[in-house]
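1329 is the number of the first residue of the sequence shown in our numbering; add one for each residue after it.
It is worth saying that the hints were derived from the structure and are not from the lab. Note that the structure is a prediction, hence the values are computed from the model and not measured. Hints may be right or wrong, so weigh each one.
Label pairs and their computed distance ranges (CB to CB) [to be verified]:
1. Asp1435 x Gln1387: 37 to 47 Å
2. Gly1374 x Asp1399: 16 to 26 Å
3. Asp1394 x Ser1525: 16 to 26 Å
4. Lys1335 x Leu1527: 30 to 40 Å
In silico SDA-like pairs for lysine to any residue, Cα to Cα no more than 25 Å straight-line [said to hold, decoys possible]:
5. Lys1463 x Lys1380
6. Lys1529 x Lys1462
7. Lys1501 x Gly1411
8. Lys1484 x Arg1357
9. Lys1529 x Asp1556
10. Lys1335 x Arg1430
11. Lys1392 x Glu1433
12. Lys1335 x Met1558
13. Lys1501 x Asp1480
14. Lys1462 x Tyr1428
15. Lys1501 x Ala1478
16. Lys1380 x Ser1549
17. Lys1544 x Lys1501
18. Lys1463 x Met1486
19. Lys1533 x Glu1456
20. Lys1425 x Glu1350
21. Lys1501 x Ala1460
Each residue gets a CB set at the ideal place from its N, CA and C atoms; glycine is no exception.
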Amino acid sequence: MSGTDLKKTYLCIGASSDVCSEYIGHLVRNNPAGITVLAHSFSRQGRFDELKKSYPKAQIVDLKADLSDADQVEAMIRSIRDGSYDIDHFLFFPALKFEYMRLKELDLQRVEKSFAVQAESFMILAKEFFPAMKKKENARALVMLTSYVADDMPPKFMTDYVVAKYALLGAMKAAAAEYGGGKLMINGISPEMMDTSFLEKLDPKVREMSLYKNGKLLVPSDLFETMDEMLSEDFAENGTNRKICIS
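Using the sequences and the hints given, assemble the complete structure.
Shown next as structure tokens:
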């Protein structure tokens, strides 16, 4: 398939998230001759052990860093440099576990941590890797956002998550304006509510309302066709945010 060309090198930040980890499996299975995946996670190490055993031609390199700590992000960058990896695909999927936050119960420390994990770490990594990627043919970057930044109004009581995602949207747009539009295309995806472990603290009534309204929730594999398209050499858009709806 055009979106999963052979011998590509993917830097996947937030690789242990349900969506990114399942997409890595999709990439590996569709490239039997092997690809290189630099898979970052923080708290879920070993997630790709079985995949490595099943597909020994794929080079899956585990990276660990707390993205809320800029020093750890820089240390991860140094380890990538030391490996001399030629990155041409960049996937950015990290987020803190969802928790409700009302403005009247504002926790600025959590807001700042959520900002650091998403927008700040993205900018640090973009500054490091995008200058080289923009010189590579058919380089692609894809950022996980949310339908909350694509809709007119987000849900209530999600202050830190919504603030961080809007900041990440701005960072993605700024990177696309500065580095994208030639050989490198930098874009975002904004799925509606998904059935993943990220939402384990979501009020069950909210999940039930979405199920009643739409008949289902998105699952990670529902995103793969769009992700393949946006990472393919044929995708010529830059700086876009593609909303993915339940159909």
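Checking against the hints above, which ones are violated?
-> Structure breaks hints 5, 6, 7, 8, 9, 10, 11, 14, 17, 18 and 19.
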